[in-house]
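Engineer: One-letter residues, chain by chain:
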Amino acid sequence: MPPSTDLLQGTLDLLILQTLVPGPMHGWGVAQRIQQVSQDVLQIGQGSLYPALHRLEYKGWIRSDWGNSENNRRAKFYALTAAGRKQLETELATWERLSAAVGLVLGRIPEASA
Amino acid sequence: MMAEWLTRMRFLVRQIFRRRGRQSDLDEELQFHLERSIEANKAAGMTPDEARRQALVDFGGVERTREECNRQRPGWWLGTVAQDMRYALRGFRRNPVFAVTVIATLALGIGATTAVFSVVDRILFRSLPYAHDDRLVSFGLVQSLERQEFTLGAFFFDWREHQKPFESVTFEHGASACNLTETNPAHLNCADVAGNFLPTLGISPILGRDFLPEEDLPNGPKVALISDGLWLSRYNRDPGVLGKTIDIDGHAAHIVGVLPRDFEMPRLQAADIVRPAAIDEAEQHTANSGLGFPLWAFARLKPGVSVAEARAEMDPLFRHTQLWIPAEFRQEFRLQVRSIRDRQMQDAYTAAWVLLGAVFAVLLIACGNVASLFSARGAARQRELAVRSALGASRGRLIRQTLTESFLLALAGTAAGCVLAEILLRTFIAIAPTGVPFLAQARLDLRIVLFTVLLSLLCAGLFGILPALEKPRASALAARSTNSGVQARLRHVLVAAQIAISVVLLSGASLLVKSFWNLEQENLGMQTRNVLTVHVPLNWERYPTSRAYMDFYLRAESAFRRLPGVTSVGMSNSLPPDANSWHGGMRFADIFVSGKQRTAPGTGGTVVIRMVTPDYFRVLQIPIVEGRGFTEEERSGSGDFIILSKLLAARLFPQGNVLGQHIQFANYRPYFVLDGPVFTVVGVAGNVKNAGLAGQDDPELYELRSSHHPEAWDNHHFFLLETSLPASVVAPWVRSRIAQLDPTAPVEIGTLAQEVSKLADRPRFETALLGFFACCGLLMAVIGLYGVIAFMAAQRTQEIGVRMALGATRLDILRLIAGEGVRLIVLGGLVGLAAALSLAQLIKALLFGVGPHDPAALMGVAALLALVALAATLIPARAAMRVEPVEALRYE
Chain A
1 MPPSTDLLQG TLDLLILQTL VPGPMHGWGV AQRIQQVSQD VLQIGQGSLY
51 PALHRLEYKG WIRSDWGNSE NNRRAKFYAL TAAGRKQLET ELATWERLSA
101 AVGLVLGRIP EASA
Chain B
115 MMAEWLTRMR FLVRQIFRRR GRQSDLDEEL QFHLERSIEA NKAAGMTPDE
165 ARRQALVDFG GVERTREECN RQRPGWWLGT VAQDMRYALR GFRRNPVFAV
215 TVIATLALGI GATTAVFSVV DRILFRSLPY AHDDRLVSFG LVQSLERQEF
265 TLGAFFFDWR EHQKPFESVT FEHGASACNL TETNPAHLNC ADVAGNFLPT
315 LGISPILGRD FLPEEDLPNG PKVALISDGL WLSRYNRDPG VLGKTIDIDG
365 HAAHIVGVLP RDFEMPRLQA ADIVRPAAID EAEQHTANSG LGFPLWAFAR
415 LKPGVSVAEA RAEMDPLFRH TQLWIPAEFR QEFRLQVRSI RDRQMQDAYT
465 AAWVLLGAVF AVLLIACGNV ASLFSARGAA RQRELAVRSA LGASRGRLIR
515 QTLTESFLLA LAGTAAGCVL AEILLRTFIA IAPTGVPFLA QARLDLRIVL
565 FTVLLSLLCA GLFGILPALE KPRASALAAR STNSGVQARL RHVLVAAQIA
615 ISVVLLSGAS LLVKSFWNLE QENLGMQTRN VLTVHVPLNW ERYPTSRAYM
665 DFYLRAESAF RRLPGVTSVG MSNSLPPDAN SWHGGMRFAD IFVSGKQRTA
715 PGTGGTVVIR MVTPDYFRVL QIPIVEGRGF TEEERSGSGD FIILSKLLAA
765 RLFPQGNVLG QHIQFANYRP YFVLDGPVFT VVGVAGNVKN AGLAGQDDPE
815 LYELRSSHHP EAWDNHHFFL LETSLPASVV APWVRSRIAQ LDPTAPVEIG
865 TLAQEVSKLA DRPRFETALL GFFACCGLLM AVIGLYGVIA FMAAQRTQEI
915 GVRMALGATR LDILRLIAGE GVRLIVLGGL VGLAAALSLA QLIKALLFGV
965 GPHDPAALMG VAALLALVAL AATLIPARAA MRVEPVEALR YE
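Residue numbers (the working numbering), protein chains in the order written: chain A, 1 to 114; chain B, 115 to 1006.
Treat the hints as calculated values from the structure; they're not laboratory data. Predicted, not measured: the structure shown is a model, and the values here were computed from it. C-beta atoms are modelled at their ideal positions from N, C-alpha and C, and glycine is treated no differently. There may be inaccurate statements among the hints.
Said to hold, decoys possible - A partial selection of chain A residues facing chain B, derived with a Cβ cut-off under 10 Å:
(1) T11
(2) G27
(3) G29
(4) Q32
(5) G47
Could you build all of it, start to finish, from the sequences and the hints given here?
Structural biologist: This is the structure:
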């Protein structure tokens, strides 16, 4: 299983923030959602997931609360903060600029601008 | 930005209160993740067992995640430092020998180095309290009777006029006792200096001003500078002291300034008051037969001029003025130019360098020891590190852990070392002879504490980190033997080097011990037991004439004779075997034997001359080997009699026939005349040590101290009391007898044995110190050797088991383990002996009666080393020999 370190530096943060936009979610849920949406291409192991969640929390972009999971178990839910939303916007903008730039270098016109 | 920072702070604060909580939160979170994973697998159709297994495999290591998560926390490393410290302390508790050895080694290394450096620093590297002290020199004449340079007024002013190498030239006219004759009288020391004395040395008063040119003229205004000490004790640091009048020996002087607190005279005399010498330059060409008063000259070199160059440039001037010296001993005088520091330190240099070298060697051994201990421990812990690494601990974390341990040990070692340094320093000061300059002011030097701490940290850190640096291999988990080749060789080299260094130290120490033994065993040629010495240095103001001295001393003599328990009382103007009483010397060439050719001037060296009473020989039990001693009648008679030492008799009268010969002494005023009394030789006495304990014996002659030469009496006068009673009993009687004669007379009482032993203080000090360091060094080297051999034996326990199982005898095992140690001992010992032989020349100056390559001393060192080192090897080797093969095979 390719570890998530293959992801670009900072990309995991972006993915997590994006995943949390619809609402609070626990760690397992975040990992599952990313895997689902990416059609099993991106598999986030707990070894990268939890350090990243903690990092984001310490930066104040997400906050955590204990709550009950869908099967009524105690679980830690992470939710986007206002600062996190702002950060997400900045990062999305950066990402788009970056991927467009990479696309240009690779000689492929991104679909968005086609 | 601000918000982010605040969030960090919030977590930091929260973390302090609920660290455990966070940890279990994380565990619960991970547990939840795992369970969901299992459920997902089950949902995918796996059996419960399979689901669980697959989930665990996917999950991976937990430890690493935990650490990663912790690391995200702001200030996370604070927690790990505390954790590392707890871990390290637990480790030390489990293996106290390691910790104690490292701490003891560091303490010894740091303590000894710091203490000695603090002492030596004052001697070798201390900056003098003068601006640009490296350019200050002392210059003048030296001759056989006075080896410390001085000059005479006429010479000085001629040199000052014509000299080129110096920026400025100054002098002091000596410092002597003076009295404050005011309402609150005090005994002080007053120094008389040239007007440009302070500017030349680069000293400026902290209050008031320096002397004005007109104040340095004869009959100029009387002014004085006072020392900081006097300013405090007499005026309580009152700034209004300036302009006050002070009465010095009945003469009023105005205080114009206060000297800096660290002021000292270049010849280190005590000085509370400094006055302008106000010397009349013209008078210097007439006084003292045109030679002038004795002065002590100092100068500041021009920038870029070296002492040797200054000396070369002064030489023609010296040659010119040399012609003024009477021809008889003109050739004896030489020019001396040396730095003030050299003049102050005399022969303390050699001892200081040797001490510094010794302590540096000890420091090297300590570092080697710490390094090899850490290296051995590192090797032994390779497996532990591999396990922790496999469990997910990062390499940085492992390195930090090792560093924490080194740091903790270094901290403990430093603390212990500082305490030890303070103790050692106090001990040094307590046992040091008075002759070692500045020792009493020695203080712990913080710079050197820091330096040694850094050095030992470097040693510990470097060798502690090495094993952690290389990524622990998976093989380390399985490997039975963890003794990696490179490190093992490194440890062996370290141990051999330690042995070599301690051999150098030991051989130095053994040479000094032997030399000291020789000194103690020296045949003095006289009796020192049961002899009490009494010195009464009378004040010239109360006793203005020599006759007054004579009357007092004769009355004291008869008073002492009546003391119970005192069998005889001798008198002399100096005491053997001390060589420092310069006033008791004369030139051999100045002795004239009637009817014989005089000896060529400037040859024959010096002769000790002592003025004694008849009982001097009896008290000291100096044998009269020919003729007779002096008699009591001769003391008051009119004849002039002398006794020669055997050495002098043989020099003057090689053919014998000594008794009844007539001898006269040359006088110089300043030109040679022969007008003194004619002495008759009445006897020949045995030789007595008279040039210090280590010096060559000088020929000696005894003049009878008789009452018809009252002009020869002064306050250089010693009583020698022969008594079988203890000094503590007789001393009060002596004091009361003197007090009956003159209650103000100062009395100094000692035993001759003490006086003699004082002369050996310096060698005793040097021997004790070097011996101490040698023992420290040997001890540490042996600990290092023991550690390495024991470690090696423990590492090879399994191998030993296999060998025994295959038929090796216990003797073979002993040979195997001890052989390694013996190789190190022989290698280190040989290298050390070679180094010791080449370095021994350096301490030649400190040795007496023993050559620097004394075979017996070196053999002793070799034997001691072999014995101790073999013991250190055999103990672990024997333990290895006793290994039970079955248990050894099961080892680990």
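Engineer: Would the hint on G29/A stand, with a C-beta cut-off of 10 Å toward chain B?
Structural biologist: holds, 9 Å
Engineer: Should the interface hint for G47/A be scored as holding, given a Cβ-Cβ cut-off of 10 Å against chain B?
Structural biologist: holds, 5 Å
Engineer: Does the nearest C-beta of chain B fall within a distance shorter than 10 Å of the C-beta of Q32/A?
Structural biologist: holds, 8 Å
Engineer: Would the stated hint for T11/A survive a check requiring a Cβ distance to chain B of less than 10 Å?
Structural biologist: violated, 17 Å
Engineer: Holds or violated: G27/A as interface residue toward chain B, Cβ cutoff 10 Å?
Structural biologist: With a closest approach of 6 Å, the G27/A hint holds.
Taken one by one, the earlier hints fail for this structure only at number 1.
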